[in-house]
Amino acid sequence: MRYEIRIDGHMSDILTEAFPELEHVVMSGQTVLFGSVVDEAQLFGLLARCQSLGLRVVEMRRMPDD
Amino acid sequence: MTCRDMVVSAVVTGDRNTAHPAAGRVDPLGDPFLRTRFAVPSRPATFLPRRRLTQHLAEGLRTPLTMVNGSAGAGKTLLVADWTANLDRPVAWLTVEAEKQRPGTFWAYFLQALSACGTPLSDRVHCPADPNRVSRKVLSEIAEDLVGRDPAPIVVLDEFDRVSASEVAEQLEFVLQHAGSGLRLILVTRNEPMLSLHRYRAAGTLTEIRDAELALNPEEAAALLELHGLSLPADAVRSLVERTRGWAAGLRLCALAAQESPDPERYLKEFEADHSTVADFLLAEVLRRQPPATQDLLLRVSVLDRFCPDLVNRLTHRTDAALILAELHRDNAFVEQLGQGWYRLHPLFGEILQTHLRVRHPGLEPDLHRSAAQWMRRRGALPEALAHGAAADDWGFTAAAVVDDLAIGQFFTGLRSDDLNELFSRMGPEATGPATELVRAARDLAHSELDRGVAHLHHVEAWLSAETEDPAAAQLSWAFLEAVAARLTGSPARAEQAAETADEVRQDVPPHLLDKHPELSALLLTHLGSTRLWAGRYEDARAALSEAADCPGGILTVLPREESMGHLALIDYLDGWPGRAEHQALAAMTETERFSLPQPAGSGIERLVLAAVAVDRHELGRAQALLDEADELDLDTQDPVKAAGRAIATSRLHLARGNARAAMESVTPALNTAVASPWADSLERLVTSAVHLAEGRSETAAEVLRHLPDDQPTWTVEAARIQLAAGRTRAAIDLLDSVPAESRPGPAVTVRAALVRAQAAQVAGDTETARRFVAQALLLARRERLRRPFLDAGRWIRPLLATAPLRSLAAEWLVPGPVSGNGPGAAGPRPAPIVVQELSERERDVLQRLAQMMSTEEIAVDLYLSVNTVKTHLKSLYRKLAVNRRSEAVHRARDMRLL
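One line per chain: the protein sequences are A and B, in this order. Per the working numbering, the very first residue in the first sequence carries number 1; after that it's consecutive. Per the working numbering, the very first residue in the second sequence carries number 1; after that it's consecutive.
Note that these hints are calculated values from the structure, not bench results. The beta-carbon is built from N, C-alpha and C at its ideal position, and this holds for glycine as well. It is possible that some hints are incorrect.
[As the list claims (entries may be wrong)] Cβ pair distances, simulated, as ranges: (1) B:426 / A:39: 13 to 23 Å; (2) A:40 / B:657: 41 to 51 Å; (3) B:210 / A:40: 18 to 28 Å.
Based on the provided sequences and hints, a complete structural model is requested.
Here it is as structure tokens:
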């Protein structure tokens, strides 16, 4: 499963290190974290990590596998 | 030593309630570090009291449940802390910190939090002893104890989002519902808890404070900035609120960063225009402006849940942490004070700082954990030492900490058993040394991996004999595990050797460690007793088991005590005392119930004993149900005594049902034990013999019985019965005569013996003697309701039972139907009444719950009745059933098919 998680605001390089399993790209006031997610458990773990780092998730969606 | 004393005395002066837990409820936490969990965090100097929110909270006291639900850094915790500080009623505060908060642990903390705030529950309420569960009974007790408290204690559960077990939410609802107005619960959480909130909302019994309400409005933001010495024009404040969306953590960081900046106003303007994520950006800013030493300190302490100056000095190689921490707490919101010199990082900042630490100092984290682990161990804080040791991946240290603390028994019992087992499941094979081998052995034995456990023990033995340096704790741990292995392998020599070694090295172990771990001795005695019982050394077994059963109470020893009682029940049963066995077995079950224990590995013996007793009474349905229960709960099939106990109950049930082949299959030994068990073997022979007899091979049947390995009267008498049935009257009587008079067997034996003699007399044509012996048997059996021996006796007994004097002795409990024709003057027991009065619907409800072994309190909760009402129903129920006790009521009701 591939997912992308959109975060409000530009994340610093340090903070993106907190998501080593995901790639990221910064654009128009948002940071998009994206990559493969093993299962739902990991997905919820990622969301919880966002929450505990005070990040605001504005969008999350599953991307078509390619 | 001195460090330890300091900590202990700090506890005593700091909090009397925690230092002296209610008698009967042993402090499950047992160390001072967790006390900070019950501390209300103090507010920093720059804290902004917010009246509109505290007012809402105050109104919330009208509803049983209040939920403060907001994102990280929304200011939830400090808001509730500020509000409770001004209340004139008890507030129990519990910060849920463990990553995995299991139900049993959660409720242990819950009870402890109530004690810590000076409103302990009564001693009646028992703390759960199993980390994974809490029984309905305990929850009912908690609710019952809270009912009617005025003022109701307020319980704040901070960071409730860390509770991952969904049962906890359901259990909280149960307690909340049944405590009535006796409890006010406040949940502080980052996400929606798994309570059925819609129901509370619909009923208007929930007060909610959510993100939108927690967000600071421009006036509040201005006031907050003011507290940081920043005065801004209204529109500037408004746009700041917009940029941070009123997020408390954001605004606070913002104020801190601006404060340090040469031109605060310009700085804030820049921040408004910036597109960074708020906390991330601002925290980096604030951090950057701290002196390098302080930055370094903050990064290093981010690996800790809580810290005090001494610990921070250790991690930072400084001496002035006290000063820096006090300053940090005063000046900004990173560092929260928990009282008595303990601090923690704000959870949000802690997370971000940890990320900074990993980036800036890769590889430093394990070192920090190791230092923290060593510090914690010196302070006697074992759980913390273990957690940090594991985080540092330093298994040699972590295992040694367990062994040196003498905590090895906690792999088998107590609130920490699962945590310990799980913690060490991450230990790789590369760690070596006696301590790691001991831990591996403990884990394997706790999971019934007998062969592997024994192999590890073997390695340790070689090590221990080579080592000379202070091995007392390791030796004692080894001896203990040897006793476990001895029990599971049915090896009495090994068990005695282990017990001897333990006695020798015990003197070299610091007494305070022995006091701290009563479970070690209790478990060891239980294993010793179990092994002796296996070997047929009943009196020696009874000695060890009685000592274990009498061990000081409390959570840590509840499992061995229950097991010992179960074993003692089995001995009573084997001696032919079903009534005593039943009593003892029920006592064992009550013990576990009180402490919410399930029947974990190695236990459940008492159910097997109860099943065997039920067979003797010809209550076959009940026997089957008990066996099913035991099977359901059973995790450990490797325990020889338990396997044999099951064989007894199962084979007798099969025999009672006339299924001899199935009986034989159930006694076939599957376990490989060091020595054979005389009673288990006798049982096997008797069942085998019974099968031969049932299939018409009386010669073979008699042959099998020659030289029974055990000379207990139980087996001798059964053998006599089979001999008689095989037509060997002389052999049967000789066997009976061989039972020494001083062995004083119980009624289950004497009844059968009398029946064998009766049958022998009957065969010889001496009906008068036969009748005399049957009368004797009836009198002996009546009190215990031992029906099975008469049903086993055969057809010859029926005409005898139909004759006058015997008939009245057998009436009701053995022979169905009321006594007729004898008149009221007839000798014998008073006829059991047929139900004279119909039971009311409520009485039936109560009766059904009685049959499920629910307590009066539980029935009350279940039926929404008061305890007194239930007691009234019980009384009239007893009257109508003509009984005096609940067990009798259930029996009578079953007999009368009311259940």
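So, going through the hints one by one against the coordinates:
The given range of 13 to 23 Å is respected by residue 426 of chain B and residue 39 of chain A, whose C-beta atoms sit roughly 21 Å from each other. Separated by about 50 Å at the C-beta atoms, residue 40 of chain A and residue 657 of chain B satisfy the suggested range of 41 to 51 Å. Against the hinted window of 18 to 28 Å, the Cβ-Cβ separation of residue 210 of chain B and residue 40 of chain A comes to about 26 Å, which satisfies the hint.
Going through the hint list in order, the structure satisfies each hint without exception.
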